[in-house]
Amino acid sequence: RKEVEQDPGPFNVPEGATVAFNCTYSNSASQSFFWYRQDCRKEPKLLMSVYSSGNEDGRFTAQLNRASQYISLLIRDSKLSDSATYLCVVNTRSGNTGKLIFGQGTTLQVKP
Amino acid sequence: NAGVTQTPKFQVLKTGQSMTLQCAQDMNHNSMYWYRQDPGMGLRLIYYSASEGTTDKGEVPNGYNVSRLNKREFSLRLESAAPSQTSVYFCASSRLGQGRNEQYFGPGTRLTVT
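As they're listed, the protein sequences go chains V and E. The first sequence begins at 813 in this note's numbering and counts up by one. The second sequence begins at 1210 in this note's numbering and counts up by one.
Check each hint, because a few of them may be wrong.
[What the hints assert, rightly or not] Straight line, CA to CA, 30 Å or less: simulated DSBU-like cross-link-like pairs of lysine-lysine: (1) 857/V <-> 1218/E; (2) 854/V <-> 1223/E; (3) 1266/E <-> 857/V; (4) 923/V <-> 854/V; (5) 1266/E <-> 1218/E; (6) 1223/E <-> 923/V.
Source of the hints: derived by calculation from the structure; they are not laboratory data.
Whenever a hint applies, use it, and build me the whole structure from the sequences.
The structure is reproduced here in structure tokens:
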């Protein structure tokens, strides 16, 4: 079983739609969680950290469910510019270091 | 503030050649990382340096060596390149602490080994 699993998609949605991605992780000792965005042939960029209480940043809402070991990302009012691959990332601490485990990504295509 | 920079952006090597990928960060981060990204595989950690003076193996270290030259710079060396090392290489840095590890990535190096 992969440590971090995501549905690769692609998710094809019209502009203005609401879309949700889920991600599951296997290590119950994981400490922190993130969503990164990666555009084609570019580096991953931090979209948002995910907190236990859930957090919102504009049109983006992230939720964490530690009991079920899953993380979600909700995008409201999708824009064409939201088209990208969204990476679910889990931080598993090992001693004094932290290792990020990346999911393979979910591809979103927003169409006019 | 350039963030994380990497050189070169593109490189073509023949099998058996060697090269060093350079990475530098200006965010005063203590930790630095090297990843490779292949289609269908996601990002995989090659080596990391939790702090200046330390380096450790990641998930896929074979065929690579690293040097943490100082707090700012972390280089990745391929001693004898193989076609299986054709990939996109990303360097990242973070300020580890309090269980958090937000990493910031450089623009990547696209390496082709023929």
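>> Name the hints, by number, that the structure is in violation of.
In response: The structure breaks only hint 6.
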